[in-house]
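**Q** If you want the building blocks of each chain, they are given just below.
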Amino acid sequence: LIYCYRKPKTKRAKRFLEKREPKLNENTKNAMLIKGGNANLTVTAVLKDIYAVKKPFAVLYKRKNITRPFEDQTSLEFFSKKSDCSLFLFGSHNKKRPNNLIIGRMFDYHVLDMIELGVEKFVSLKDIKNSKCPEGTKPMLIFAGDVFDVNEEYRRLKSLLIDFFRGPTVPSIRLAGLEYVLHFTAVDGKIYMRSYKVLLKKSGCKIPRIELEEMGPSLDLVMRRTHLASDDLYKLSLKQPKGLKPKKKKNISHDVFGTTYGRIHMQKQDLSKLQTRKMKGLKKRPAEKSAEDDGTTPKKSKSA
Amino acid sequence: MAAVRVEEVLAAAEEQEAEKRRSITVEKELELEYDLGNLLAVDPNPPPAAALRGAGPRREALLRALARDNTQLLVSRLWELPAERAGGAGGPLVAQLPEPTFRLPREKPPPKPRPPTRWEQVARLKGIRRKKKTSLVPAGADPEEDQFARLRREKRERVARNELNRLRNLARAHRAGSAVPAAPLHPTGHQDRDELRRVARVARVSTASLGRFQPRLPKESAEPPSRSGGKKRRFEPLLGNLAAERSRQLELLRDMGSKKPVLDITRAVNKQLRQEEAEAAAANKGKKQSKRGKRGRRQQRPGRSGKKSGGRRQPQQQKPAGGGAGG
Numbered sequence: 001l002i003y004c005y006r007k008p009k010t011k012r013a014k015r016f017l018e019k020r021e022p023k024l025n026e027n028t029k030n031a032m033l034i035k036g037g038n039a040n041l042t043v044t045a046v047l048k049d050i051y052a053v054k055k056p057f058a059v060l061y062k063r064k065n066i067t068r069p070f071e072d073q074t075s076l077e078f079f080s081k082k083s084d085c086s087l088f089l090f091g092s093h094n095k096k097r098p099n100n101l102i103i104g105r106m107f108d109y110h111v112l113d114m115i116e117l118g119v120e121k122f123v124s125l126k127d128i129k130n131s132k133c134p135e136g137t138k139p140m141l142i143f144a145g146d147v148f149d150v151n152e153e154y155r156r157l158k159s160l161l162i163d164f165f166r167g168p169t170v171p172s173i174r175l176a177g178l179e180y181v182l183h184f185t186a187v188d189g190k191i192y193m194r195s196y197k198v199l200l201k202k203s204g205c206k207i208p209r210i211e212l213e214e215m216g217p218s219l220d221l222v223m224r225r226t227h228l229a230s231d232d233l234y235k236l237s238l239k240q241p242k243g244l245k246p247k248k249k250k251n252i253s254h255d256v257f258g259t260t261y262g263r264i265h266m267q268k269q270d271l272s273k274l275q276t277r278k279m280k281g282l283k284k285r286p287a288e289k290s291a292e293d294d295g296t297t298p299k300k301s302k303s304a
Numbered sequence: 001m002a003a004v005r006v007e008e009v010l011a012a013a014e015e016q017e018a019e020k021r022r023s024i025t026v027e028k029e030l031e032l033e034y035d036l037g038n039l040l041a042v043d044p045n046p047p048p049a050a051a052l053r054g055a056g057p058r059r060e061a062l063l064r065a066l067a068r069d070n071t072q073l074l075v076s077r078l079w080e081l082p083a084e085r086a087g088g089a090g091g092p093l094v095a096q097l098p099e100p101t102f103r104l105p106r107e108k109p110p111p112k113p114r115p116p117t118r119w120e121q122v123a124r125l126k127g128i129r130r131k132k133k134t135s136l137v138p139a140g141a142d143p144e145e146d147q148f149a150r151l152r153r154e155k156r157e158r159v160a161r162n163e164l165n166r167l168r169n170l171a172r173a174h175r176a177g178s179a180v181p182a183a184p185l186h187p188t189g190h191q192d193r194d195e196l197r198r199v200a201r202v203a204r205v206s207t208a209s210l211g212r213f214q215p216r217l218p219k220e221s222a223e224p225p226s227r228s229g230g231k232k233r234r235f236e237p238l239l240g241n242l243a244a245e246r247s248r249q250l251e252l253l254r255d256m257g258s259k260k261p262v263l264d265i266t267r268a269v270n271k272q273l274r275q276e277e278a279e280a281a282a283a284n285k286g287k288k289q290s291k292r293g294k295r296g297r298r299q300q301r302p303g304r305s306g307k308k309s310g311g312r313r314q315p316q317q318q319k320p321a322g323g324g325a326g327g
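So the sequences go chain by chain: Y and S.
Residue numbers for the first sequence follow my numbering, so the first one is 1 and each next one is one higher.
Residue numbers for the second sequence follow my numbering, so the first one is 1 and each next one is one higher.
None of the hints are false.
List of simulated lysine to any residue pairs, SDA-like, C-alpha gap at most 25 Å:
hint: 1; chain 1: Y; residue 1: Lys235; chain 2: Y; residue 2: Gly167
hint: 2; chain 1: Y; residue 1: Lys206; chain 2: S; residue 2: Ala89
hint: 3; chain 1: Y; residue 1: Lys247; chain 2: S; residue 2: Pro109
Quick partial rundown of chain S residues pointing at chain Y, CB under 8 Å, derived from the structure:
hint: 4; residue: Ile24
hint: 5; residue: Leu39
hint: 6; residue: Asn70
hint: 7; residue: Gln96
hint: 8; residue: Leu104
hint: 9; residue: Pro111
By construction, these hints were calculated from the structure, which means they are not laboratory data.
Ideal Cβ placement from N, Cα and C applies to all residues, glycine included.
Same shape as in the complex, but just chain S (with noise of 0.2 Å):
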């Protein structure tokens, strides 16, 4: 008997359930698909077109109970969703929307990376990568450290290394060789006499007059500084020392008008053999360095004439001023 009864009780319980389904339930010959995350639906099953065919309310009322229909699918769907309460267990009920997988065209194209910079184009190059800064306190440290006076006093011990480095750097330069010097006008203990004196100049000429107007050092020399430095040759004014010039014009001509020869064979021949022999000394020396030059250029120098005896060479271009010769 109570076998029959719960039988029964349990058939009319899957009835109220199966009466409860049958309100939410849809039929539909093909399955709609579903794109969640856009909330759409695609119901691919053709519309009865004959019943939609004509107008008036008929045609509304068809539209809607289609809609219905594909509408509640379309939530059942959304209410299966993984959903919590948002903001505590009184708030609304929210679902989790999966990703859209209808695609859609962008409205713009995807961006292109931005060149890179001079500076990230170096960093490549010479393969520089970014340094993680180490954190202020570095681990293992000592807790009862002042961290702002180490990190002060580090940094003071870093600027003097660098400056020490940069001094001997341009030491190192400097005596290399170079012309310019490396840092010219800085008074150091060790300069000596050839370079104080060059910077002297370069400082004396570095005036707007170009130092034509600077009073002289104590122990400076009087005449005023050749630009050329002494190098180029030098060409005396026309009209200087006449008394000069007189004599060495007349000395010009005894020479000229003289019988013996101005040049002194012996003293000339000894002079020669004693230049060989000094070369020769010198060419041993560097006996590993080519030096052909060198003695090609001996061999040919007593064909050349000598040298004249005496000091001075006379300067080849002065030409007596008015003709000269005579009386």
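Chain Y extracted, bound-state conformation (with noise of 0.2 Å):
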């Protein structure tokens, strides 16, 4: 709102710039689903797959758009401030690279990573006929396969991948309700994407244990071109503000054990003043109080 060239004039306008200006705690990240020149069923079946899973954070155009990502980013980037989406996934179809995806995000409304995946082979939703999950759970993660570590394009993808589907920040979950999990296996240079829907069965102890049926969009990808931000660029995009780093409370430490210790400053006491009156445990027990009047005579004697 500080950079505003047209100030608002109703109290709507201004809802919706502040909802888009940049935030010291950020909005759910929007996805923008688009269609190229030449996308075939395939393709168009997949996007509308993952726009199901990404609902309500996702928007799904409906036209096609004759645009080359790798080649020109201005008209994606012109669709991302208009609808405020910075994740995008882009479905095209041709000869050289069939059943094409380009799965990217943005920062500041210009284009931080690409990478275009080849869909080998595609499940749909509908052709598994399963029960389904509630639209607009969060999903769980998995990555298997050591490629994720090692080759920064697969840890790259990695992180878009989760970015991409991730959902919305939640301080608190419903543990009954953790019924979604995505499992991306990287072996071969292929990358197993599986959607499985979680059944949680007795176990006798606290923890339930896992059964998983087969359930959403399973994707068999190839990892083709990349276009990765450059190394500054990307640290720049990972800073975060101070405002959000957790304020450290004065005089409370932390060992490695996991106790809490704080510091209590007194003021100097004067000893003389102390109540001793009061404090029981300075009082004489009885075996100490035998042994002192052994040595006085006591008024009464007592007769054993």
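Join the two chains, each given in its own frame, into one complex according to the hints.
**A** This is the structure in structure tokens:
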């Protein structure tokens, strides 16, 4: 709202602009799903399924847009600015790159990372006749494979996929509502994405036993071209503002074992003015008393 | 006997426990990395590449088993989080998620602090800080007192005090001798004659025709006030008083024709001496201030032609209208 060239004249417009301006704690990232000039049925079905998974934080564009993201990013940036989406999934198809998906994200309405994936096999939500989980469930994400740590491109892909499918950040979650899991396996140059519905079975102890049922879209992907952001731009985008750091409480420290220590600052005590009458611990115990009494003669002598 | 049976029972119980736990334990070579805030788990174990090569249901089954194991581990971790029953005893079990640890890039750059407004800049320069508004009822106030009446009374007092101070400031500024009246045209009882005259003149001239058609006050002078206030040189109109012009011209000729010098030396010298004495007295008074310029000028004065006798100085510019000499 600070850098508004046109000041909003209604409250609604002001709210709209406030939603889009940079904030300390950001909104959940929205994704735009775009069809290229020559998208085929497979790619369209993929986009539709991903839209179903990512609802309501996604927009599915119905019309075909004739652009080539790897050559010219202005059209994508324009869409991103208009719909306030920082994630995108662009589907296209041609002879050289069949069933092509370009997954990417934006920083400040400019393209940050883009990775081109080819869909080799696709099983849609409709094809699997099982019960589905409700819309908007926060999925559990699992990445299997050492490639995701070793290879730089795979690492960015992992980060991109987490960003894409993460959903809103919540402080607490209903344990019975953990129904959806997306599992990515990277093996042999291929990435297998599978979605399962989680069934929690009794196990006798507190933690339930997990049974999985294949549910949603399953994709076999292969990595094609990439357009990754330069290191410093990536670092810049990772930078978190200082306000987000948790405030350090003074006089509280933690040690390695998890014990919390606190410091209390006392004023100097005048020990001569200490109330010792009220301190039970300082009272003489009967054993001590009898030891003292033996020395002095009591008024009444107790007969044994 | 009893001891053996007790041992048996304990062993059986332990086996049962182990059985139950087996259903949820998963053996993995390398531990998974968890980010519970994002519901994320990363398995660094390399998956069995050979087994997954062949397409078909076998691969699906393998993938599913792998997924099941990983999900089991993740769910176990999630179930270990501190949980409570939301919404009373019968509500759902809700776990407190920690902050997400996996660093993801931001959507937009962090917001820049807005630049300070003009007031904020001035306040910072002057060191003005926001005064915290004291509560409506100050501590230790009389409970019987009417607070609203007190506020009204205090405001009236403040306004009156400010007004008095303002008028005092004006009077001080005016007394210091400002040319422009500080509060023009406000009749107070303490204005002197000159100020009133000045004010009256200003009031008269503040009409659309600049006071030309204003009726005069009973004791005001009849002539129209000179626009320059009598400071600059005034020239008489060319064709005005013919008789005066004629007499003036004749007088000029007479003086030019007469043999007697126009200047009366004695009178001039006396006048000059008197003037010098007066200036010396004034100079002695203001001795501390430098009067060098005046003394210097004073010495030069006898050099110049002395004042002419009589009163009026002839206007130097006026030349006789027609050649004038001769008869």
